[in-house]
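These protein sequence lines map, in sequence, to chains Z and P. Start counting the first sequence at 12; every next residue gets the next number (my numbering). Start counting the second sequence at 12; every next residue gets the next number (my numbering).
For the record, the hints were derived by calculation from the structure and aren't laboratory data. Do not take every clue at face value.
No copy is singled out in the list; a pair is fine if it fits within one copy or between any two copies.
Under the rule of at most 27 angstroms between Cα atoms (straight-line distance), these lysine-lysine pairs were calculated in the BS3-like manner [stated by the list, open to error]:
# : residue 1 : residue 2
1 : Lys230    : Lys293
2 : Lys293    : Lys198
3 : Lys89     : Lys77
2 protein chains.
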Amino acid sequence: MSELIAIVGATGAVGREALSILEQRKFPAHRIVALASARSAGSRVSYNGGEITIQELTAASFAGVKVSIFCATSGISKQFAPIAMKAGSHVVDNSSAFRMDPAVPLVVPEVNPEAIPRGTSTPLLIANPNCSTIIMLMAIHPLHKRFGVEHATVSTYQAVSGAGAAAMDELREQAAASLAGAPVIAKVFDEQCAFNVFSHNSAVDVETGLNVEETKLIKETHKIWNSDKVTITPTCIRVPVYRAHSESIALRLATAVTEQQVREAFVNQPGVRVLDDRAGNKFPTPLKTAGGDDVWVGRIRVDPAAGFDASGRSRHWCLWVCGDQLRKGAAQNAIQIADLL
Amino acid sequence: MSELIAIVGATGAVGREALSILEQRKFPAHRIVALASARSAGSRVSYNGGEITIQELTAASFAGVKVSIFCATSGISKQFAPIAMKAGSHVVDNSSAFRMDPAVPLVVPEVNPEAIPRGTSTPLLIANPNCSTIIMLMAIHPLHKRFGVEHATVSTYQAVSGAGAAAMDELREQAAASLAGAPVIAKVFDEQCAFNVFSHNSAVDVETGLNVEETKLIKETHKIWNSDKVTITPTCIRVPVYRAHSESIALRLATAVTEQQVREAFVNQPGVRVLDDRAGNKFPTPLKTAGGDDVWVGRIRVDPAAGFDASGRSRHWCLWVCGDQLRKGAAQNAIQIADLL
């Protein structure tokens, strides 16, 4: 194969991660078109012992490109995705630009690969879901498939990386300033992120009180599961962690099941890893998850508010889930979609 | 009044906070007996422009003391609380030693002041609840009183201060090491606390999967509300924050109410402050709460999984709550109890 793959926004947090995943896969450098704004054009990033030169994103960037992975803003996706497709490239879009477009499949490869049309010769546009949605669904889809998830209450502990590389720098700079007793400057977030937690920085609907991140969790789950029957109670919170998200999830299933049935649902589940050592108090953490592609599940337990029925079954379960926002929550999921194309 | 107040464990995180609260109240230094282990005896802490000398905790420490506030370990409380009471002192105990003892009232002054016996001349022992319980109940009791709380799903974002002053130092040291690229050393917690979150460090029951912190939230709420009818789905998590806890709470009420009714329940509620600016994305954070005595409530919204009924009412509500673990979660609550004695 000598087809080209384009990374749009190659200097951003997700773009860099996409390059790092391609590097781990020994994908040849000469088949990568690394695109960014004019400001970054000409700069070099190290890759497989060599270097890749960043090119300016223009309408002419997509000639001969088979798949373009967009890792930039919604604005860039809206402007350049149609251009890339006209040039014959499939597009996998990490932004929120097309996620809720009924004509655009929204895909987690382990959950709904069937949403990608097969056997068409025209370039496809596939949207990559929001990171919190991907990480939640990786953990609860195995249960949904077998037992039906009716309701999920989810509180997130989201890394700053979801707001990009600048947010990760801000966490570092604020922590250093705080430790030095110097003034802490907030630029990316309105709230101090170092040594603090705060309600997600996305806009809050003044009518419903939900922020955009919480609305995404609900709407994207409905679209990916192709059903709006599941109800979700989301609370999205930022924590001072660099790059992996965590989620506290309480589920109501359609069917009462044993703890063994719940645990068995995660066995041999691609992309899912269980760490659930009650005696040793060892469970998933964002640090353990960071840099890897698995979503980790632990604290698997019956909801004490419901307990077991007489047959040792329950419809109510709790989980603690961690996954790298930049990997499975973004770049890795996008590259998995590219693999399917 | 010339009665003495004793602070047992005056050099610990909660003990220091208790002294700081007394200082703010201009409580005279000569009426404070500051007690700690032999190791700290003789050291001085600044107080109201002067100094207080730490004395060694012994069986003779409680002569003439009216109220002793225990801010040390359960072991110290078990050993010295009976001695203090024999010497004629009331005891307010911050440890978990006596909380579940049916003979010992467990009190949040804004919630169940009536649990403190009146008109007895014998010294009383009153237990101070766990920090997460106090902070949750301060926020949900106003709703419980009016509308009945049937079920609460709570995920915590707990500061390291709950594990004492050494844990706060550990967060500082780990953050500095991490920023310097040096090895991060974990002593107080098994998991790295800087730039990480992790399941609460208390022991996990291998049968139920609940940790001790989660069990406290359930059992202490039942005791304080004097009813085990409310069911609780708790997940307790540590976050890299120095001293204030946050909690994401979803409630099912017995009665369907309007949003206005929910908001009115918090008006003029002593110890509760609402910050809920949807348009400005301004909500409670642990940093805003730190050093103060109020529990802050925000993100007040109907649970989108349930929504409103035709009359604009709902039984399902979500809240985001922050409170200083060392103040209202410990020292302040204890001193308020001492006031009632």
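Against the structure, the hints come out as follows:
1. Proximity of Lys230 and Lys293 under a CA criterion of 27 angstroms is satisfied inter-copy only: 24 angstroms between copies versus 33 angstroms inside one chain copy.
2. In this assembly of identical chains, the alpha carbons of Lys293 and Lys198 lie at most 27 angstroms apart only when taken from different copies (16 angstroms versus 36 angstroms within one copy).
3. For the homomeric pair Lys89 and Lys77, the shortest alpha-carbon distance inside one copy (19 angstroms) is at most 27 angstroms, but the shortest distance between copies (72 angstroms) is not.
Violated hints: none; the structure is consistent with every hint.
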